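Undergrad: What follows is each chain in one-letter form.
2 protein chains.
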Amino acid sequence: MGLGKMLLEKLQPADIRRLNESDKCALCEEIRSVIIDTVTKGGGHLASNLGAVESTVALFSVFDFPKDKIVFDVGHQCYPYKLLSGRYEKFNTLRKENGISGFPKRSESAFDCYDTGHAGTAISAALGIAKARDLKGENHQVIAYVGDGSFNNGLVYEALTSMQILKTKILIILNDNGMSISPTVGGMHDILNDLRSETEKKAEGIKLLESFGLSYLGVKDGNNCKEMTQSLEQAKKLLETNSVLLHIHTKKGKGYEFSEDEPTLTHGVPSMGAKKEREYSEVLGETLCQLAKTDKSIAVVCAAMLDSLGLKQFFTDYPERAFDVGICEENASVLSAAMGTAGLKPYYAIYSTFLQRSFDEIIHDICQQDAPVTFCIDRAGISGPDGETHQGVFDLSYLSLIPNLTICAPKDTEEFKEFLNFSANYPHPLAIRYPRNGLIKFNSENKKIELGKWEYLQNENSNLTVIAEGERCLTMAMEIAETLKNKGLFIDVINARFIKPLDEEMLSLIKSDYIVTIEDNVFLGGLGAMIDGWLTSNNKRHIVKNYAYEDKFIPHGSVKSLQNRFGVNKDEIESYITEVLK
Amino acid sequence: MGLGKMLLEKLQPADIRRLNESDKCALCEEIRSVIIDTVTKGGGHLASNLGAVESTVALFSVFDFPKDKIVFDVGHQCYPYKLLSGRYEKFNTLRKENGISGFPKRSESAFDCYDTGHAGTAISAALGIAKARDLKGENHQVIAYVGDGSFNNGLVYEALTSMQILKTKILIILNDNGMSISPTVGGMHDILNDLRSETEKKAEGIKLLESFGLSYLGVKDGNNCKEMTQSLEQAKKLLETNSVLLHIHTKKGKGYEFSEDEPTLTHGVPSMGAKKEREYSEVLGETLCQLAKTDKSIAVVCAAMLDSLGLKQFFTDYPERAFDVGICEENASVLSAAMGTAGLKPYYAIYSTFLQRSFDEIIHDICQQDAPVTFCIDRAGISGPDGETHQGVFDLSYLSLIPNLTICAPKDTEEFKEFLNFSANYPHPLAIRYPRNGLIKFNSENKKIELGKWEYLQNENSNLTVIAEGERCLTMAMEIAETLKNKGLFIDVINARFIKPLDEEMLSLIKSDYIVTIEDNVFLGGLGAMIDGWLTSNNKRHIVKNYAYEDKFIPHGSVKSLQNRFGVNKDEIESYITEVLK
Chain E
14 MGLGKMLLEK
24 LQPADIRRLN
34 ESDKCALCEE
44 IRSVIIDTVT
54 KGGGHLASNL
64 GAVESTVALF
74 SVFDFPKDKI
84 VFDVGHQCYP
94 YKLLSGRYEK
104 FNTLRKENGI
114 SGFPKRSESA
124 FDCYDTGHAG
134 TAISAALGIA
144 KARDLKGENH
154 QVIAYVGDGS
164 FNNGLVYEAL
174 TSMQILKTKI
184 LIILNDNGMS
194 ISPTVGGMHD
204 ILNDLRSETE
214 KKAEGIKLLE
224 SFGLSYLGVK
234 DGNNCKEMTQ
244 SLEQAKKLLE
254 TNSVLLHIHT
264 KKGKGYEFSE
274 DEPTLTHGVP
284 SMGAKKEREY
294 SEVLGETLCQ
304 LAKTDKSIAV
314 VCAAMLDSLG
324 LKQFFTDYPE
334 RAFDVGICEE
344 NASVLSAAMG
354 TAGLKPYYAI
364 YSTFLQRSFD
374 EIIHDICQQD
384 APVTFCIDRA
394 GISGPDGETH
404 QGVFDLSYLS
414 LIPNLTICAP
424 KDTEEFKEFL
434 NFSANYPHPL
444 AIRYPRNGLI
454 KFNSENKKIE
464 LGKWEYLQNE
474 NSNLTVIAEG
484 ERCLTMAMEI
494 AETLKNKGLF
504 IDVINARFIK
514 PLDEEMLSLI
524 KSDYIVTIED
534 NVFLGGLGAM
544 IDGWLTSNNK
554 RHIVKNYAYE
564 DKFIPHGSVK
574 SLQNRFGVNK
584 DEIESYITEV
594 LK
Chain D
14 MGLGKMLLEK
24 LQPADIRRLN
34 ESDKCALCEE
44 IRSVIIDTVT
54 KGGGHLASNL
64 GAVESTVALF
74 SVFDFPKDKI
84 VFDVGHQCYP
94 YKLLSGRYEK
104 FNTLRKENGI
114 SGFPKRSESA
124 FDCYDTGHAG
134 TAISAALGIA
144 KARDLKGENH
154 QVIAYVGDGS
164 FNNGLVYEAL
174 TSMQILKTKI
184 LIILNDNGMS
194 ISPTVGGMHD
204 ILNDLRSETE
214 KKAEGIKLLE
224 SFGLSYLGVK
234 DGNNCKEMTQ
244 SLEQAKKLLE
254 TNSVLLHIHT
264 KKGKGYEFSE
274 DEPTLTHGVP
284 SMGAKKEREY
294 SEVLGETLCQ
304 LAKTDKSIAV
314 VCAAMLDSLG
324 LKQFFTDYPE
334 RAFDVGICEE
344 NASVLSAAMG
354 TAGLKPYYAI
364 YSTFLQRSFD
374 EIIHDICQQD
384 APVTFCIDRA
394 GISGPDGETH
404 QGVFDLSYLS
414 LIPNLTICAP
424 KDTEEFKEFL
434 NFSANYPHPL
444 AIRYPRNGLI
454 KFNSENKKIE
464 LGKWEYLQNE
474 NSNLTVIAEG
484 ERCLTMAMEI
494 AETLKNKGLF
504 IDVINARFIK
514 PLDEEMLSLI
524 KSDYIVTIED
534 NVFLGGLGAM
544 IDGWLTSNNK
554 RHIVKNYAYE
564 DKFIPHGSVK
574 SLQNRFGVNK
584 DEIESYITEV
594 LK
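If you read the protein sequences in the order shown, they are chains E and D. Numbering-wise, the first sequence is residues 14 to 595 according to our numbering. Numbering-wise, the second sequence is residues 14 to 595 according to our numbering.
One thing to keep in mind: the hints can contain errors.
Which copy? The list can't say, so a pair holds if one copy fits it or any two copies do.
[To be verified] Pairs of lysine-lysine, BS3-like flavour, derived with a Cα cap of 25 Å: (1) Lys573 to Lys214; (2) Lys325 to Lys180; (3) Lys306 to Lys180; (4) Lys309 to Lys239; (5) Lys309 to Lys180; (6) Lys553 to Lys573; (7) Lys239 to Lys454; (8) Lys553 to Lys595; (9) Lys250 to Lys524.
It is worth saying that the hints were derived from the structure and are not from the lab. Since this is a predicted model, take the numbers as computed values, not measurements.
Make the full structure from the sequences, and use the hints.
TA: Shown next, in the form of structure tokens:
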């Protein structure tokens, strides 16, 4: 029909069901090209969204959104849905500050009924929404759209287990491409394989799902719009009597090798000292490989994401000591704890916000037993364009409250290496937090790491001391120091490389009247709050100003701009210090 | 043979395998009688331990502890194991301060290889220990002993899913009595039922387990020592080639209706004002039933434990709005979030330390979406004889760091009721924390709850203000106030009924030079730390003393004594205040 861009521009959600097959195909191609265009320019999830195009068009053909509700698990496959639900015009603002989010957001559209970002929540959420529907006497469908990678996650299992308790009806679309971020592995993977086969084993898989109270339909071709529409019609019919699992098989997107994060970000890091930048993950991988050469007890555990955590080489070199358990953050924690209690030296690498999933296990299994587990916490601090669910701004707070846990933040990738070397001989739980991108070397003597000891990056016997953690905040502090120096003003700058324990000795020796703390974390429970608590308890009378993030969820945007907006504004800090020292 | 008590007194673990069947039976009876005797006197878990007697004797007959390792899931069935591994003589100190723990403790015995307390960790832990064994070239067996109640838990599923990744061999003993704390429900329950049947369905259940890489053996009579010994021998043989799940069926203990906690505790609460005591859980159940009469949107969600949470009546009166999803704390959180976003008013009742399991979901699903979920957090603060894993001393810290979440603690059960009434019209996430036992009414005007507003319980324009949260700490403060009054000294006492937000107005108006904070929580991230942070940020120059728990895991003991030992010592507080005011 050659409608070209006309379709997405003019199409109302309700019009989609009236398109003929060839228009639907054209629409799919248009969606695909808009996504490729937008993501290759501005970043975002590509493969997962490309795989979801036809099934999403089919969903609009069969269901009536927003009256019907859909929950996208993780949410990294919602771009086609956004394009079809009135967000085409804003789509060029995807993941940009004040633009539309890369994940479903209730605040953004009535078509988004539930916010996601982390894996495994969709089935529970759909059950809750469906139950609310039943109790309120409403009449609409509820759909959970879940990738196979999430099917390893315990929460999915808990949700399936509760289906018969909740006695409500939902449609689960299992989008199976045989890949989560890392290849999908384990028992459920085998069951999905069985379901994909046309053997006797398929029947067994189906019976398993039935024992959870689900009717099974599949495997259907998720990249065939017509087949998908028919399958969804069929599923809708089945929904009259039972919950349904529609198993669809999709092809991974066109295989773009593409950075997950906004490429501009990787160039926005302020540079001090040596200018060359490096990802912390590279240093992690290299250093662990080196350490593992001589230390046979070192093991690496992760919950998917091994590539972006920098662990590919370790998995190649030491496959017998490298464990990727899929999106199972709790299991990864307990495995680490147990290996630690049994004489190994486990390193558990994970993104800051995903570690929240094993909070209880960090307390109950790792720290209570004082197991020598090292957490390598990537994407700590504001991570930027992924928004609320991915901002690693809570870890200092939720970790520092746990007994037996030591927490540190390197000032650069060199110091990160030092911390990893330190960790190898540290027989207790240790958490090292770091952002994605880093400097190779900060200007400092880079003194050897000593437990709980901070270092001065600048000591001028000033009347104001800045205490900051991690590369970003220390860079900020040193840039301010530099600017002020040019005005004849001098500050002291401390690298609070250990957040817990605080360096109480150094703290108690601070002579300056003013203290400024800066951190890449919320204020509550973080470095500044810990320092305030220590100063107060010890009756110290400094005048303290804490720069940390406000008590709010931080949306997507660039790191710098979000820091500025949410409480760690360099100019403001500089003005305050100038005011004080003038 | 009439060996009587001789057996347990003199038996070495290695001797057990040499006993004949009738001596083993005698031993089982002896163990059973010691457990009944000890638990009925001093409290503890009865039914689960009585069910585990024969299988534990059989374990010692077949395996070689402590060379072989066993992880008890939850750990509430380890008493027979403790009795047989050298702790008979100390068994009368069970759950008593400085006595032996009611849960496995590595610090207590070489026979305990892994600490537990929360559900679902054992299979992960056993896998980690077994993998460490393999890598270290050791040769011993690793066993996970798991109740069927835990089999609903997502962590168990994550562990099963990772069996083929870890490529190691463990024995899982599934102790199936068809009951967790609340009756076991859901999909896995059906599968276990199938396995117990001798139908075609049994074969399907077996195939399911095999797809996770397990050889299945069962169902065996777990209360028959001879059958258990034979089954374990058989399992040991199978372990040469594969991991094994040995499914045993046991009878619930002799059905003692017995309080889970040390009965002395329920009499140790200091009384102020009206003397009569009441459990908070009763008030929860009653009030929710009342509220639900007129508010059709109210729903109740819990993750097992509905009885001890006080919800039995609600489940009877409103079965269509009451959901017990079994030991699935994450699922319960997401269900609550979803119901909240979809127009219901969910109440999620749970013990403080179990809520740690849904930390990520509290952030990601409930608070980020600002869903109107009310957490009813029972057993907050030190809970006493259950020890480290059950001390609810972290919730103020891990909750206060989360944006959008309001946190409060009632001063008595009356105020708890007020808070529940308040919650009914509060359209945001709200956490109410409370201990098990409570007073009916404190001496105060019991002003109507207003968001973020504290109240004075005593206002004497003193130079010292005590700010305390919750009944226990306020009771302590008021008792101190009383004592001091008799000495002619006066203090002000504030009920910090909201921990978040702090009552900044009241804080800023405090004229006294001295402030004392008291809380039933660790210091880091808690009420005192929040107040310190606020005072520091606002340049307030009070002299502050914070009484809260030290940064340590708190073992089992009596509430009072543990408070004294770990940082909230009434005498010390009184001395300090006296010193200041004199």
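Undergrad: State whether the alpha carbon distance between Lys306 and Lys180 is at most 25 Å within one copy, between copies, both, or neither.
TA: between (54 Å within a copy, 22 Å between copies)
Undergrad: 25 Å Cα cut-off: does Lys239 pair with Lys454 within a copy, between copies, both or neither?
TA: Neither, since 56 Å and 67 Å both go past 25 Å.
Undergrad: Could you place Lys309 and Lys180 in one of the four classes (within, between, both, neither) given a Cα distance threshold of 25 Å?
TA: Between copies only: 18 Å across, 51 Å inside.
Undergrad: With identical chains, the pair Lys309 and Lys239 could be close in the same copy or across copies; at 25 Å between alpha carbons, which is it: within, between, both, or neither?
TA: This pair counts as neither: shortest intra-copy Cα distance 55 Å, inter-copy 42 Å.
Undergrad: My question is about Lys573 and Lys214: at a cut-off of 25 Å on alpha-carbon distance, are they close within one copy, between copies, both, or neither?
TA: For Lys573 and Lys214, the Cα distance exceeds 25 Å both inside one copy (53 Å) and across copies (59 Å).
Undergrad: Measure nothing new, just compare the shortest in-copy and cross-copy C-alpha distances for Lys553 and Lys595 to 25 Å and report within, between, both or neither.
TA: Both, since 23 Å and 23 Å are each at most 25 Å.
Undergrad: Regarding Lys250 and Lys524, is the shortest C-alpha distance of 25 Å or less found within a copy, between copies, in both, or in neither?
TA: neither (75 Å within a copy, 70 Å between copies)
Undergrad: When no copy is named, should Lys325 and Lys180 be tagged within, between, both, or neither for a Cα gap of at most 25 Å?
TA: For Lys325 and Lys180, the Cα distance is within 25 Å only across copies (20 Å; inside one copy 44 Å).
Undergrad: Have a look at Lys553 and Lys573 and pick one of within, between, both or neither, based on CA distance no larger than 25 Å.
TA: neither (33 Å within a copy, 31 Å between copies)
This entry does not satisfy hints 1, 4, 6, 7, 9, going by the numbered hints stated previously.
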